[in-house]
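*Asks:* Residue-level listing of the chains:
2 protein chains.
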Amino acid sequence: MTRPDPNDPGLLTAAETSLLTDLYELTMAASYHREGMNEPAAFELFVRRLPPRREWLLVAGLGPALGLVSELRFGERELAYLESRGFEAAFLEYLASFRFSGEIDAMPEGTVCFGNEPLVRVTARRIEAQLLETLLLNQVNFQTMAATKAARVVLAAGGGEPGAGQRVIDFSPRRDHGIDAAMKVARSAAIAGCGGTSNVAAAMRYGLEPVGTMAHSYILSFPSEEEAFTAFLRAFPERGVLLVDTYDVEGGVRNAILAAEESRVPLRGIRIDSGDLDALSRRARDLLDRAGMNQATIIASGDLEEGRIADLVAAGAPIDSFGVGTDLGTSRDSPTVNGVYKIVAHADADGIWQGVRKLSLAKETIPGAKQVFRSFGRRGTMSGDVLGAADEDVPGQPLLEKVMRDGEFVAAESLEQLRARAEKSLAALPADLRRPSAEPAVEPYPVELSPQLSALAGAS
Amino acid sequence: MTRPDPNDPGLLTAAETSLLTDLYELTMAASYHREGMNEPAAFELFVRRLPPRREWLLVAGLGPALGLVSELRFGERELAYLESRGFEAAFLEYLASFRFSGEIDAMPEGTVCFGNEPLVRVTARRIEAQLLETLLLNQVNFQTMAATKAARVVLAAGGGEPGAGQRVIDFSPRRDHGIDAAMKVARSAAIAGCGGTSNVAAAMRYGLEPVGTMAHSYILSFPSEEEAFTAFLRAFPERGVLLVDTYDVEGGVRNAILAAEESRVPLRGIRIDSGDLDALSRRARDLLDRAGMNQATIIASGDLEEGRIADLVAAGAPIDSFGVGTDLGTSRDSPTVNGVYKIVAHADADGIWQGVRKLSLAKETIPGAKQVFRSFGRRGTMSGDVLGAADEDVPGQPLLEKVMRDGEFVAAESLEQLRARAEKSLAALPADLRRPSAEPAVEPYPVELSPQLSALAGAS
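These protein sequence lines map, in sequence, to chains A and B.
Heads up: the first sequence is residues 19 to 478, going by this note's numbering.
Heads up: the second sequence is residues 19 to 478, going by this note's numbering.
Calculated directly from the structure, the hints in this document are not laboratory data.
Here the structure is a predicted model, which means the values were calculated and not measured.
Ideal Cβ placement from N, Cα and C applies to all residues, glycine included.
There could be a bad hint or two in this list.
Non-contacting residues of chain A with respect to chain B, defined by C-beta distances greater than 10 Å in every case (computed) [claimed, not checked]:
| id | residue |
| --- | --- |
| 1 | GLU106 |
| 2 | ALA221 |
| 3 | ARG257 |
| 4 | GLU280 |
| 5 | ALA387 |
| 6 | PHE391 |
| 7 | ALA473 |
Under the rule of at most 25 Å between Cα atoms (straight-line distance), these lysine to aspartate or glutamate pairs were calculated in the DMTMM-like manner [said to hold, decoys possible]:
| id | chain 1 | residue 1 | chain 2 | residue 2 |
| --- | --- | --- | --- | --- |
| 8 | A | LYS420 | B | ASP338 |
| 9 | A | LYS420 | A | GLU441 |
| 10 | A | LYS420 | A | GLU434 |
| 11 | B | LYS442 | A | GLU441 |
| 12 | B | LYS442 | B | ASP26 |
| 13 | B | LYS420 | A | ASP26 |
| 14 | B | LYS442 | B | ASP307 |
| 15 | A | LYS442 | A | GLU323 |
| 16 | A | LYS442 | B | ASP26 |
| 17 | A | LYS442 | A | ASP307 |
| 18 | B | LYS420 | B | GLU121 |
| 19 | A | LYS420 | A | GLU410 |
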């Protein structure tokens, strides 16, 4: 059997992942190696400006990113390829024994963050810190985008409160950007509070609830809708959630009720994938209740996004779960998080640390390692952040925590812990920033510079 | 060493990929298996409506998708997981020996397509055809989105002609949605005609040109810009493309010239990543030419997208290459391709094929296996498509070709062949659809139904 693309031997190997980097990381590293410039340096990953239609971000992707970092090894094929591209032997020898051995401080996943706040700080020998750039950005940018979108959908489903996340199901694999994206979107959605995923591989790996009903093609494969429903209940008497909109929803609900009655199983639920979901869910609820099937739930799907979900919830539509695909997987209304990774300090030959500042037009970077200090007001609501120097004495809760020391993880957190943090973070957002709305909040969340950073920023 | 997320053991294995599917594919398959419903069926993958701001799509992702299909195997862990979720033993036995053995017809990658045109048709035993759905959509949707975006950037760089693709470089890994996306965006961009990628793993795997310069952090790591440039030229005398906008561009170009002169190497080029790229590139070109460095090229980057590139090209800015990241990787102005996979025909117990039609509101599917017949006018320009029945006699070039028979690939195509097809396809687009513009073309490209399909569509 010939492969369709003879150049593409399937899934990426772990060793190949070492080259999942922009070429310039390697050329810069080679030059540093040649010059003997490998004193410690500090880089920070942050988002300069929040994306359009976003007033906060929910941080995600750190765990998978650091998993890849800790396993970063250059294999023989990879080194041979680099040799063929002109990298010199001494540098390739360095890469052959590469292990990340530095320090990483970061906002743990499930934290809410804002523009200019460092999400990750890498303090390591310059070459090691440089070589992490692409992989960290590749993982953290899109997973933060996905977790943020999922959090907004979760808030929409809860009328502005994060507790209703169980009602939101990830239906995105068909619209996610490939295999890694499908896995990580499911994970990010789970951190944000979503209650399940249609993605079986993600459910297995991350211990999530796999959720699914049937496609229209299933119904169309039988002589009648009722026969399709009956066959499905035969195979899965305990999980009969039946898709009722292949022909018309009202008739579909009646057939679902009939099929459950004839099969003598309790109907678990129905799914409506098109039409006026408010009116149709009310009609369906009425029919189900009249048939004594109060336990049967109603799942809505079909190009759902946060605004439409918020409207359905506000209208009181009797929908129990929302299956969200495209918008969850691609964050269609704001499809990028433009995190960057910038050097902020380095040690000189005598080991004395110096802040590093970039001065390009409109792209200034504040020098020095930073920390975010968050204050809380009444009922634990976030009241303001201060961006300060890492060693500065600033009131508030410091958000960046020790994650790696000497290349070893300081602590491991389960998905349940990340999920609990996210729920707490979202509940602590000012109500104005939690409410589903196309309009930006009147008062943006305050992020100020500490006295020390103000002085540094003013010095440019 | 503890992993940061104890649930996540790193890269996905090939066996796990078998579960990268929506749960409902497996529940439907289990029900078909139980009912003995495994006669042949035909499914088509198509986009109902073109996405916003898109008047055509460039098909990509088929090769990687079919590579995964051909290797789809359920491993012991995966089967044990499904057993724990209530799947019965007979179905798990079926899955244990699963191999795709059906037929696939498809538009080869690099073909231009429109709404309602089938990109892929799977004809196989019902269960096999059903089990491919999620993986095919997961790969083809986003890669078609990425190739289309890349093609638009390529056309913008060529003032509406596809020949200038060499000038466009994929700088997207830091904004792509994970590892698989970074690989496939580089591949899709190459199919669309792009001249290189910063992604070293993709360059190695697909035989692309790896491209890179240096980051601002590199310049900032040295006492002065000139020292940074000199150090870089020492390491890579042959590939000195120097980033000149860390402080100010004009001074940066002068330092680049000085560094090249002192190092006695020919300056390969400079990169400008911020500011007024038109004015700055002219000033830089002037300085380089005065120094006798006519061979030095100018690379522009920094949140470039097709409109800005078209403007720079129209203005005659002396830019040789465009590095495009975020917009290439996320297709920010139109970030989804909503392909669907629908059953269109199945055989009854006597082996007689029947068309299948779905009637949900606004989501009608035309029954029967289909073919797209494309006509060309003067100078090979596409003049119109007819969507016909697969066995209908319609004038024009049929676009769907045999790709798999009995689960085996009919033919393999190299990336060069896909790239050549894409260039030919883009050149054959009517000029109105090739020109970079925010305005939709006055005349949308004509796609009509054949007599046979008109009769079927009217019969609903």
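*Asks:* Now look at each hint and say whether the structure bears it out.
*Replies:* Results of checking the hints against the structure:
In this structure GLU106/A is not separated from chain B by more than 10 Å, as the shortest Cβ-Cβ distance comes to only about 8 Å. Not every beta carbon of chain B lies more than 10 Å from that of ALA221/A, the smallest distance being close to 7 Å; the non-interface claim is violated. For ARG257/A, the non-interface assignment is contradicted: its Cβ lies about 7 Å from the closest Cβ of chain B, within the 10 Å cut-off. Listed as outside the interface, GLU280/A is consistent with that label: its C-beta sits roughly 16 Å from the nearest C-beta of chain B, beyond the 10 Å cut-off.
Consistency note on ALA387/A: stated as away from chain B, and its beta-carbon is indeed over 10 Å from all of that chain's, at 14 Å minimum. Remark: the non-interface label on PHE391/A is consistent with the geometry, its nearest Cβ contact in chain B lying 24 Å away (cut-off 10 Å). The Cβ of ALA473/A lies farther than 10 Å from every Cβ of chain B, with a closest approach of about 20 Å, so its non-interface assignment holds. For the suggested pair LYS420/A and ASP338/B, the alpha carbons sit about 45 Å apart, so the restraint of at most 25 Å is broken.
As the CA atoms of LYS420/A and GLU441/A are separated by approximately 22 Å, the hinted pair is consistent with the 25 Å bound. Using a Cα cut-off of 25 Å, the hinted pair LYS420/A and GLU434/A holds, with the two alpha carbons roughly 20 Å apart. For the suggested pair LYS442/B and GLU441/A, the alpha carbons sit about 52 Å apart, so the restraint of at most 25 Å is broken. Taking the CA atoms of LYS442/B and ASP26/B, the gap is near 44 Å; set against the 25 Å cutoff, the hint is violated.
Taken as a hint, the LYS420/B and ASP26/A pair is honoured in the structure, with Cα atoms around 20 Å apart against an allowance of 25 Å. At most 25 Å may separate the alpha-carbon atoms for a hinted pair to count; LYS442/B and ASP307/B exceed this at roughly 35 Å. This hinted pair checks out: LYS442/A and GLU323/A have alpha carbons roughly 23 Å apart, not beyond 25 Å. Pair hint LYS442/A plus ASP26/B holds up; C-alpha atoms about 23 Å apart against a cutoff of 25 Å.
For the proposed pair LYS442/A and ASP307/A, the alpha carbon gap of about 35 Å is over 25 Å, so the pair is violated. Pair hint LYS420/B plus GLU121/B holds up; C-alpha atoms about 8 Å apart against a cutoff of 25 Å. For the hint pairing LYS420/A with GLU410/A, the CA-to-CA distance comes to about 16 Å; that is within 25 Å, so the pair holds.
Checked against the numbered hints listed earlier, the structure breaks hints 1, 2, 3, 8, 11, 12, 14 and 17; every other hint is satisfied.
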